[in-house]
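Undergrad: Residues per chain are reported as follows:
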Amino acid sequence: GAGVSQTPSNKVTEKGKYVELRCDPISGHTALYWYRQSLGQGPEFLIYFQGTGAADDSGLPNDRFFAVRPEGSVSTLKIQRTERGDSAVYLCASSLSGSLSNEQFFGPGTRLTVL
Amino acid sequence: LAKTTQPISMDSYEGQEVNITCSHNNIATNDYITWYQQFPSQGPRFIIQGYKTKVTNEVASLFIPADRKSSTLSLPRVSLSDTAVYYCLVGVHGSGNTGKLIFGQGTTLQVKP
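Protein chains in written order, with our numbering: chain B, 1 to 115; chain P, 116 to 228.
So here's chain P without its partners, still in its complex pose (with noise of 0.2 Å):
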């Protein structure tokens, strides 16, 4: 699976805006880009993934530029709640693959009231 790079941690305040960029320079044509949330003391959810453009569900949006070697999650009006590790994970659709997610050390989102 691709590696991906990303901040490893940020801060906002409630109400703002957060984006988190990753990078996956060696991104193939077959991986797709998914996110994961993580909470103290849980596993991971899954929150969003895409391919190219822009994807956008009730919790985030996902923004992947042309050359797909980067993409950003975008998370609108953040909470206290949304305190946790966001993790960035690259890899490959389709028949054949086991779908192990490789994580990296992922991202420590603080949200401040």
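Bound conformation, chain B alone (with noise of 0.2 Å):
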């Protein structure tokens, strides 16, 4: 079966410009994560949904950032404003349920670079 897809796979804005992300989880995993990776170092988490509600948002950077998953299945990752210390791998991720014993499937991400 499929695994999680993300698009684009890659992004180049502008600074100050607006950008959306899209995260498709496997079909029937009530658990999206997202997590942003920099350059030599391990992803960091940045918000987690389960179902359609965002039940842990405690690693956006700041209000720039916001997520929705409104079906309960695809999710956008937004980011306004954007700032080249945005520029980054964003990983999302789904799982069968919110738990650590429950495997995260990961996508390939989007590689967001801004100038």
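These are computed hints drawn from the structure, not numbers from a lab. All of these numbers come straight from a predicted model, not from anything done at the bench. Just so it is clear, CB atoms sit at the ideal spot from N, CA and C, and this is done for glycine as well. There are no misleading hints in this set.
Here are the simulated DMTMM-like cross-link-like pairs (lysine to aspartate or glutamate), alpha carbons at most 20 Å apart as the crow flies: (1) P:Lys118 <-> B:Glu44; (2) P:Lys167 <-> B:Glu103; (3) B:Lys78 <-> B:Glu44; (4) B:Lys78 <-> B:Asp57; (5) P:Lys169 <-> B:Glu103.
Far from chain B, by Cβ distances over 10 Å, these chain P residues were calculated: (6) Asp126; (7) Tyr128; (8) Glu132; (9) Val133; (10) Asn134; (11) Thr136; (12) Asn140; (13) Ala143; (14) Thr171; (15) Ser176; (16) Asp182; (17) Ser185; (18) Thr187; (19) Arg192; (20) Val226.
Reconstruct the complex from the two isolated chains, following the hints.
TA: Put into structure tokens, the structure is as follows:
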């Protein structure tokens, strides 16, 4: 079956612009996570959805970052007024439920470059 | 989640067994130990998870001593395709936990021919 997909694979934007990153999780997975990975570092947690609701958004760096999952499936990470420091690979993962006993399946990521 | 410490990098040769040790001195009673693998330009991939003693699957083995303050991921007979970053994570199972993963820097394994 299909894994987690993310679009676009690459996004180049200018400082100050707005971007949207999309994640299609594995069908039937109720838990969805967003992570951000800078070069040479491990992924950093951003936000967790259980169904349609954001159950834990403690990793969002500031109010320029926002994510939605309106129908409990596809999720969109939105970044307003992008800054050069936002450049990173944004990873999405899904699992059957929100528990560490459930393996998380990661997508290939979206590489965001802010010029 | 418990802080983990693992070597930044390791080198090996094809056909050798590779052991990567992770320290987690502050591991709590309910914490499980999980390892993920990440290839360049890909998202991390689950390898193995355990609580105590030894766990083995088709990919690797995980050895956990009685005090659980460390764990060792063992990769038998590595090949060039095992070149990747390996992350050790420690966290809590059970209901009420969000399942969010806290990654460290990981261990970059380079397998040479």
